[in-house]
Every structure is written in C-alpha cells, then in structure tokens.
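Participant: Based on the hints, put chain B in the right spot on chain A.
Protein sequences, first through last, are from chains A and B.
The opening position of the first sequence corresponds to residue 1 in this note's numbering, with each subsequent residue numbered one higher.
The opening position of the second sequence corresponds to residue 1 in this note's numbering, with each subsequent residue numbered one higher.
Rather than coming from a laboratory, the hints here were simulated on the basis of the structure.
These figures come from a predicted structure and were not determined experimentally.
Using C-beta positions, here's what the derived DEER-type ranges look like:
#1 B:D216 x A:N78: 23 to 29 Å
#2 B:Q187 x A:A172: 35 to 41 Å
#3 A:R28 x B:G205: 31 to 37 Å
#4 B:A12 x A:P45: 51 to 57 Å
#5 B:I33 x A:M72: 51 to 57 Å
#6 B:S15 x A:P45: 57 to 63 Å
#7 A:D119 x B:P39: 50 to 56 Å
As a list, the in silico EDC-like pairs of lysine to aspartate or glutamate whose alpha-carbon atoms are at most 20 Å apart:
#8 B:K228 x A:E62
#9 A:K39 x A:E226
#10 A:K241 x A:E169
#11 A:K241 x A:D221
#12 B:K228 x A:E117
#13 B:K91 x B:D107
Some but not every residue of chain B turned toward chain A, in silico, with C-beta under 7 Å:
#14 V165
#15 A221
#16 T233
Even glycine gets a Cβ: it sits at the ideal position worked out from N, Cα and C.
Spelled out, the chains give:
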Amino acid sequence: MEIMECVGDIIKVSDLYFAYPDEHVALRGVSFNLCEGDKVALVGPNGAGKSTLMLQLNGILEGRGGIEIGGMRLTRGNLPVIRAMVGLVFQNPDDQLFSPTVFEDVAFGPLHMGLPETDVLARVDSALESVRMSSYHDRLSHHLSVGEKKRIAIATVLSMNPSILILDEPSAGLDPRARRTLINLLRELPITMLVSTHDMRMVQELFPRTIVMDDGRIVADGMTQEILEDETFLNEHGLEKP
Amino acid sequence: MHSDAFDRYHHAHSSIHHLDPRIKVVITIAFIISNALLPDGAWIAFALAWLFVLVANMFSELGIGFTFRRSFIAFPFALAAITVLFSIPGKPISSFQFLMWNFTITDAGLLRFVSIVIRSWLSVQMAILLVAVTEFPKIIHALTHLRVPAIITMIISLLYRYLFVLTDEVMRLLRARQARSGASPGQRSGGSVQWRARIAGHMAGQLFLRSYERSDRIYNAMLSRGYKGELMTIHPHHFHARDWLICALSILGMLIMQFTGRL
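The following block holds chain A by itself, in its conformation from the complex (with noise of 0.2 Å):
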C-alpha cells in the first residue's frame, strides 16, 4: 500500500529498532511521518508494537532509530520540552490518574513544566472545559466512571497544551454513550493526533490515514477507506472489516 507524503512534518519516525530486556523485538525498523493537524489510527493485531512505539515517541523507551518531534531530535537532553509537546494518554485510566483528586492530576503536568500557579489554574480550567469535565474539578478520581476517568485522562495531557496526542485504546471497555461521547470529543479536539486502537468502526469514522502495524513492522501506511476495503489485507493481520 502507498506511503503518504507529508510535508512539515510534526513527528518523523525512521528506521526505529526496540528490544525488551527478554530479548523480545518489540520494534523491527519503523518509520513514518506525521503532518501538523493529522488525524491517524494506528491499528494492529495484539503484540504488534503499538504500545512500544507510543512510548518511544514520548522518551519512555529508548530505541535505535531516528525520532523527531516538531523538528527536535528525541535526546536525553530534550526530554522534558518533548514531553511537553507529545500528550500520551494510557490505556487504563486508573494508571494515568495517579493523584487523589481530579484537580491535581490536570495540575501536575502544567506543575512540572515550571508554570506559575496563576497559569496552571488557567490550564486546568480550560482543560477540563475541552473535554465538557468543569464540575469535576474536586472529585475523587476513584468516584468516576470508566467513562469520566477517560475523559479526566485526556485533560490531564490538554492542560500541557501538548502539539500532539497518542492515545492508547481510548475506546476500550466504554459503553456505546461513554464511547460516542469520546469519539465526538476525539473529533473536536483540534489537535494532531495519533490513536491506537481495536476500534475499527472508530477508525472509519474519524480518522482519514490509518497505520497498520504487524510483528514489530508497519506494513500499511495511507487512506483509511482503501486499507479497510481490503478485507484479505486485513484478515491477513488480525484485524476486522468494520
């Protein structure tokens, strides 16, 4: 299938390699682009790599390869102002919220970029108001919905004011409310972003590239509508015409 060019690339990817401490190849030499305000989905069997490479994309595993992200080289030393500009969601909400109250999880990333209070309060604010979550600000986090959690989550990397959000399986274990109040969110929010999933029926209604990745390799790359008319292609690789 046919690569997608992309000119001003926010997050380049090349030749990226990964091994687990077991010796398990997570990573066998990926690339790919993505341009300012592109909406992918990054779509595979389990196993396949798709948490690894999120997590090479924020510095939490390093790789062999080549990463940049808004024309900055992924480096030790450029660590915290990448994290800054990529907004990682994870899979379980109960990983992503670590503190006791709604407030001090979107607090604690504006907190750690070194913002005045005057401002995190602003951020939080305006956070939990993109994901519709204003009267949440006291709540508990063990008091929410797996729905609520998800939604608080996303806020937590919105008040980072990130360049770029990945997301991992944000649709998982939602009930059909919780999931289209996510999916109008995701199709709100206006911000590139880069969404791994099993969703298929997500992917065919809200993102126009998709990215199919199989054992460590991406083995498809361009429009969603040709890759999901391609039901042996897809069977081929665990996955499901929607």
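Facilitator: Chain B alone, transformed into the frame defined by chain A:
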C-alpha cells in the same frame, strides 16, 4: 466494580467541616500529644478531654455519639499494653496461674493500664473525627503545608489512590475463584487445606505481580507528564480569623486539661 470501603469522609456543612485542614490536623495531633502527656489516673482531665471530643462531635453535626460508636475498634490495640498490669511494682490486687507462670496484678499496674486504655480511646476518637470531617486529599495537603517530608506525603497519597484499585483487584480475584469453585454432585467442594493454602498463595502472588506491573505503568504516566523525581502539587488553602480563634481555644482547652491533670 467499585470499592469505597476505605472512605471515611462524611459530607456535611458544619463549622468543623469548613475549618482549614491544617488547623484540624494540628488540633488533632496536639490533642493526641496532650493525652499522652496526662499523668496516670488524671480522671478529671480525662473527663475534660472526653468533653472536648463530645463538643467537637456536636459542632461537626455528625451526632454527639458519632466517634464513640466507632471508637471500640481501637480496643484490641490497647490490649497490647496488658503487660503493664503485671510489670509495674505496687500493692498486689489479684493473682492467677497461667500454665507454669504466676501472674500478679498490682494497683499501680491497673491504674497505668486503665489510663493507657482511656488515653488511646480518646485519641482514636479525635482521629476518627478528623477523617470524618476532612476529605482525605485535604489531610495530605495539610501534612504537606506542615512540612511533613514530601516522600511520606507522596507515599500516603499514592497509597490512598491505589488502595481502592487494589481492593477492586482483590475482589475480582476472589470472584474469579468463587465462580469456579464448583462441586460434582455428592462431592464436597474444594480440596485439602494445603491445596487451598497454595491457591491463596498463588492469588497473593498474582496480586503482587499485577501491582508491580501497575507501578511501572503509573511511573511511565508520571514520566510522560514531566515528572523528574520531585512531586509538585498546588492546593491553595486560606486561613480565616475563625480558624485561628478555634485553634487558640482548642490549645487553651488542652492547657486546662494539662493543668487539671497535675493538680
């Protein structure tokens, strides 16, 4: 699945609920220290301390007997002091034989034991009231403001957040075991005690592994949002004249207890 098993906060709009959390923590700690400093057998001072607790209960709008009803949970811990009954020299009151040992209860030992039980009972009541009228995160904020080392407040904060998640995890494991604990017709369900113990051991191991992996994911989530080893939080609280007044009155009350206890 959801567990609120450890939430002890009772929502209300009383004057005590609205006190600054720092003041509430300081008064509670001062009250516990004051109790510990009261001499043995200072009955009037103990009564005053209880009156203090009752007044606090009354102002909290949770009912005058709120902490009393919940305080008996502390009694088994107070029994740890039972050895003082026999180990303090004094006039013998009673003695009894247990196996090969002869135990003698002395008057001084009994006085010390009863005093310890009363002190711990009063202190526990105040601690129960503190967590009932203050949301737990605010207690952590208060400890941070009171210069408790960040590592301690961070451990308490994470423990509080994940106690609920861990309880849910345990409940899921127990339900999974229960769901598969069937029996063939005419057979007793379950195996030997040894087998059951081994299964329980596996479950504890599973819980540890899951928690260990979760801790890794939480740390990654912290790193990805800029965590560099120092936890920063923001929690504005403002003292009001009323906070200072109640703090001063409480300290005065404790000084009166100390004075009365030494008369």
